[in-house]
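*Asks:* Make a model of the complete structure from these sequences and hints.
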Amino acid sequence: MLVVEGLTRRFGTLKAVSDASFVIEPGAFVGVIGPSGAGKSTLLRMINRLVDPSEGVIRFGNENVTALTGRDLRRWRRRAAMIFQQFNLVGRLDVLTNVLMGRVATVPAWRSLTGLWPEDDKVVALSALEQFDIGSLAAKRAEHLSGGQQQRVAIARAMVQEPELILADEPIASLDPRNTRVVMDALLRINRHFGITVLCNLHSLEIARSYCDRLIGMAAGRVVFDGAPVQLTDALARDIYGLDSEQVLDGSARAPEPRVRAGAFGEAAVA
Amino acid sequence: MTGPRWTTGVEAAAIRARYPAAFEGTRERIAAAAIVATMLALAGLAVWRLDVSFARLGTGLVQIAAIVGGMFPPTPGTHLAVFMHALGETLAIAFLGTLTGALIALPLGLLAAKTIVPNVFAHFAVRRVLDTIRGVDVLIWALIFINVVGLGPFAGILAIAASDTGSFGKLFSEAIENADRKPVDGVLSTGGSALHAIRWGLVPQVVPVIASQILYYFESNTRSATIIGIVGAGGIGLHLAEQIRVLEWGQVAFLVLLILVTVAIIDLVSSRLRFAIIGRSTVEVG
Chain A
0 MLVVEGLTRR
10 FGTLKAVSDA
20 SFVIEPGAFV
30 GVIGPSGAGK
40 STLLRMINRL
50 VDPSEGVIRF
60 GNENVTALTG
70 RDLRRWRRRA
80 AMIFQQFNLV
90 GRLDVLTNVL
100 MGRVATVPAW
110 RSLTGLWPED
120 DKVVALSALE
130 QFDIGSLAAK
140 RAEHLSGGQQ
150 QRVAIARAMV
160 QEPELILADE
170 PIASLDPRNT
180 RVVMDALLRI
190 NRHFGITVLC
200 NLHSLEIARS
210 YCDRLIGMAA
220 GRVVFDGAPV
230 QLTDALARDI
240 YGLDSEQVLD
250 GSARAPEPRV
260 RAGAFGEAAV
270 A
Chain B
0 MTGPRWTTGV
10 EAAAIRARYP
20 AAFEGTRERI
30 AAAAIVATML
40 ALAGLAVWRL
50 DVSFARLGTG
60 LVQIAAIVGG
70 MFPPTPGTHL
80 AVFMHALGET
90 LAIAFLGTLT
100 GALIALPLGL
110 LAAKTIVPNV
120 FAHFAVRRVL
130 DTIRGVDVLI
140 WALIFINVVG
150 LGPFAGILAI
160 AASDTGSFGK
170 LFSEAIENAD
180 RKPVDGVLST
190 GGSALHAIRW
200 GLVPQVVPVI
210 ASQILYYFES
220 NTRSATIIGI
230 VGAGGIGLHL
240 AEQIRVLEWG
250 QVAFLVLLIL
260 VTVAIIDLVS
270 SRLRFAIIGR
280 STVEVG
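Residue numbers (numbering that gives the first Met the number 0), protein chains in the order written: chain A, 0 to 270; chain B, 0 to 285.
None of these hints come from the bench; they were simulated from the model. Quick reminder that beta carbons are idealized off the backbone N, C-alpha and C, glycines included. Certain hints may be false.
Simulated restraints on C-beta separations [unchecked claim]:
1) LEU112/A - VAL67/B: 34 to 42 Å
2) GLY24/B - SER135/A: 12 to 20 Å
3) THR232/A - GLY24/B: 42 to 50 Å
4) TYR215/B - ALA108/A: 31 to 39 Å
5) ASP51/A - ASP130/B: 49 to 57 Å
6) VAL2/A - ALA263/B: 48 to 56 Å
7) PRO107/A - LEU102/B: 51 to 59 Å
8) ASP119/A - ARG222/B: 49 to 57 Å
9) ASP51/A - VAL262/B: 33 to 41 Å
10) PRO75/B - ALA108/A: 50 to 58 Å
*Replies:* Okay, structure coming up:
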């Protein structure tokens, strides 16, 4: 069980996250929604401890995550795998090595630093790649893959960490609609099959509604909604998204109305 | 743990059979070990053949102690005005040399860039000429120009300009080749000429890079200008060599400190300038 209490992060005078509190049950698939700049990213990065909180406490089971340092912190990060919008793979390395990065916290340092990975770990890494149908890409350089393939490599890397929690920070924001589905299905499968808790930042309300058991809505750093997707009415969504709401509520299926003022480019353009 | 470990069901034998390549790599490891062994052997051979003697280094240490002792306190003696004048001369040599080299190298760099001159032979010829110029060290250029224009700072300026022409030509051509093609296409697409494309598509990308390279070379040339002074091409190096010859270690120390401080100041100023120039153009929101 992940417990977040009064979590706050300040950058200078700006409060990126302000007094966020919630509890996440094991095995849940939770979407964190909200407009750009609402603090979703900072929240997830704090849970992985890539960003240190200014105030507040994060607890996982009996452990106080906010107090961890050194080895214990690295052990926690292994348990709370991160997935990034830009994939954050090492482009020049092959896919298999990228996935093996998920083992650096558990493999002895002399082996991981020299690249002499134990065969068992290679088996696990290849098996993870196979689960996302990209086993054949193991020897390719990561930078030569498409965005959708790279994100699946990143998910495989997260999987070989054998995490208890997956923190996905806008995992589909850089992908086309087809790959969006592939990646979200992969996250859902991990969640359903292996009971790994997923906490996923999403900009798109439509996607969040169709995949998540529960939504946490953020606006201007605060948690402003916490409940089941059905409880999120259009009026509430409009509050969360503010100016963006029109675009988000329409979904990506409908094209925006063209808005042209007559005569904007002078009479010649009209004639 | 919330669920069963997903890795417990993994069939290792089947995976190994499907991806044999991932479990090989012994050949690469043997190659890597062979390379390391060869390097060690070569290093050992070099130490032996070049008569590297740690015993002689040990006895030399006593000598070094004496020299270091003589360096305290550093003092300009009665030559402060002469030294400062020579320092100014060194700076002037570095400045004029760098500037001249950059001006000559600019058109050469354009000619040597594949993206500007598509003719393979032309840019191959320019490149080989630049390589040749660059292959000769600035000290050799100084000795040559002393014979051409006589002893003094003018020879130093020419030596630095010549050596920098080679280096700048290569660096500039690479900066031009690495420039992004897309802005150039953008300018051409609006009906611009080749000159428009260079002026507005290429130059804005390349100028910050080139400016920062010139600043870096000015700093590095201040050190070079000291060295070429020793062979008679003007500047503070001449005095440094002279004081070493007459074993005035206090004055040697003063000169070395003077050069160090000067280079440090130039380094500080030029790195700020370079950062200001580059920061303005290449910082992108990612």
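*Asks:* Run every hint past the structure and note whether it holds.
*Replies:* Right, here's what the structure says about each hint:
In this structure, LEU112/A and VAL67/B meet the distance hint of 34 to 42 Å, their C-beta atoms being roughly 41 Å apart. The hinted window of 12 to 20 Å between GLY24/B and SER135/A holds, with their beta carbons roughly 18 Å apart. The hinted range of 42 to 50 Å is not satisfied by THR232/A and GLY24/B, whose Cβ atoms lie roughly 58 Å apart. Checked against the hint of 31 to 39 Å, the pair TYR215/B and ALA108/A passes, with Cβ atoms roughly 38 Å apart.
The hint said 49 to 57 Å for the Cβ distance between ASP51/A and ASP130/B, and at roughly 52 Å that hint holds. In this structure the supplied range 48 to 56 Å holds for VAL2/A paired with ALA263/B, their Cβ-Cβ distance being about 54 Å. The hinted window of 51 to 59 Å between PRO107/A and LEU102/B holds, with their beta carbons roughly 58 Å apart. The supplied range of 49 to 57 Å is met by ASP119/A and ARG222/B, whose beta-carbon atoms lie about 55 Å from each other.
Our hint of 33 to 41 Å for ASP51/A and VAL262/B holds, since their Cβ atoms are close to 40 Å apart. In this structure, PRO75/B and ALA108/A meet the distance hint of 50 to 58 Å, their C-beta atoms being roughly 54 Å apart.
Hint compliance for this structure: hint 3 is the single one not met.
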